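**Student:** Sequence:
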Amino acid sequence: MTEIRVHTEIRVHKDAQLLEHIEDLRSVYVDAFCAPPWDEDEDRAADFVGRLRADVDRPGFIAATAVRDGELLGFATAWTTPAPFPDDRCHAQAAAGLGPDRTSDWLVGARALDELAVRRAARGSGLAARLLGTVTADAPGGRCWLVTSLRSDRAMSFYRHQGWTQATHPSPAGRGVVVFLGPRHPARALAPQPL
Numbered sequence: 001m002t003e004i005r006v007h008t009e010i011r012v013h014k015d016a017q018l019l020e021h022i023e024d025l026r027s028v029y030v031d032a033f034c035a036p037p038w039d040e041d042e043d044r045a046a047d048f049v050g051r052l053r054a055d056v057d058r059p060g061f062i063a064a065t066a067v068r069d070g071e072l073l074g075f076a077t078a079w080t081t082p083a084p085f086p087d088d089r090c091h092a093q094a095a096a097g098l099g100p101d102r103t104s105d106w107l108v109g110a111r112a113l114d115e116l117a118v119r120r121a122a123r124g125s126g127l128a129a130r131l132l133g134t135v136t137a138d139a140p141g142g143r144c145w146l147v148t149s150l151r152s153d154r155a156m157s158f159y160r161h162q163g164w165t166q167a168t169h170p171s172p173a174g175r176g177v178v179v180f181l182g183p184r185h186p187a188r189a190l191a192p193q194p195l
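At position 157 of the sequence shown the residue is numbered 157 (the working numbering), and the sequence of numbers has no breaks.
Since the hints were made in silico from the structure, they are not lab data.
No experiment lies behind these values; they were computed from the predicted model shown.
Be careful, since some hints might not be right.
For each label pair, taking beta carbons as the anchor points, the in silico distance ranges come out as [to be verified]:
1) Leu190 - Arg154: 25 to 33 Å
2) Asp101 - Gly126: 33 to 41 Å
3) Ser104 - Asp15: 35 to 43 Å
4) Leu190 - Asp41: 23 to 31 Å
5) Arg151 - Gly126: 20 to 28 Å
6) Arg58 - Pro100: 36 to 44 Å
7) Ile22 - Gly60: 15 to 23 Å
8) Ser27 - Ser157: 44 to 52 Å
9) Arg11 - Pro100: 34 to 42 Å
10) Ala189 - Gly50: 19 to 27 Å
11) Arg51 - Val108: 31 to 39 Å
12) Ser27 - His7: 14 to 22 Å
13) Gly109 - Asp88: 29 to 37 Å
14) Asp41 - Gly141: 35 to 43 Å
Don't be surprised by glycine CBs; every beta carbon is placed ideally from N, CA and C.
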């Protein structure tokens, strides 16, 4: 797997030029998320494409793609969290878990990691860590965050291993979402720890 890391180029995108690669991005999304534990379907992949077309125009948008020998192996997208805090997708669950004050103080204005996807064949190569680091490295004041699902022990473990701090703790047997704060987020020491 080391070969993938050595020969893989990480490219940064900050505007709609990313959409020139939309079919490759969709293909990676399908490979990453249309399998357990996510089990998404083709409709969700189409939703991703629609969201991405809008996301490239968001303030603070940044993406990173990983390319080796002309093949897209993975990508990450992020953008600045607007005020008021969104209530679509998993945002309402994140806000409910943090409460209104912490949501406003910790997440609004911070960089939100929206998607991180790596082809199954490239997993374990360090590629996801490189993509994550690329889109969060210059987050203003170190303020970055993400939401992931309890369904994926692998994702939960990955983010912890990268130094991210779990800030919400829904029922471990549930299908809820978890908010993580980035390794340099100033509020990470304030995040409640499980009992």
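**Student:** Do Ser27 and His7 keep their Cβ atoms within the hinted range of 14 to 22 Å?
**Tutor:** holds, 20 Å
**Student:** Against the range 33 to 41 Å, how does the distance between the Cβ atoms of Asp101 and Gly126 compare: consistent or not?
**Tutor:** holds, 37 Å
**Student:** Measuring from beta carbon to beta carbon, are Asp41 and Gly141 in 35 to 43 Å?
**Tutor:** Holds, since Asp41 and Gly141 (Cβ atoms, about 38 Å apart) stay within the stated range.
**Student:** Note whether the CB distance of Arg151 and Gly126 lies within 20 to 28 Å or breaks it.
**Tutor:** Check passed, 24 Å falls within 20 to 28 Å.
**Student:** So the hint says 36 to 44 Å: do the beta-carbon atoms of Arg58 and Pro100 match that?
**Tutor:** Between Arg58 and Pro100, where Cβ atoms are some 22 Å apart, the hint is violated.
**Student:** Cβ-Cβ distance between Arg11 and Pro100: within 34 to 42 Å?
**Tutor:** holds, 38 Å
**Student:** Given the hint of 15 to 23 Å, check if Ile22 and Gly60 actually sit that far apart at their C-beta atoms.
**Tutor:** With a Cβ separation near 21 Å, Ile22 and Gly60 satisfy 15 to 23 Å, so the hint holds.
**Student:** Please test the hint of 23 to 31 Å on the beta carbon pair from Leu190 and Asp41.
**Tutor:** violated, 38 Å
**Student:** Are Gly109 and Asp88 spaced within 29 to 37 Å by their CB atoms?
**Tutor:** violated, 18 Å
**Student:** Kindly confirm whether 35 to 43 Å is satisfied by the beta carbon distance between Ser104 and Asp15.
**Tutor:** At roughly 28 Å between Cβ atoms, Asp15 and Ser104 fall outside 35 to 43 Å, so the hint is violated.
**Student:** Does 19 to 27 Å hold as the CB distance between Ala189 and Gly50, or does it fail?
**Tutor:** Between Ala189 and Gly50, where Cβ atoms are some 38 Å apart, the hint is violated.
**Student:** Lying within 31 to 39 Å: is that true of the beta-carbon distance Arg51 to Val108?
**Tutor:** violated, 20 Å
Violation of the numbered hints given earlier is confined to hints 3, 4, 6, 8, 10, 11, 13; the remaining hints are satisfied by the structure.
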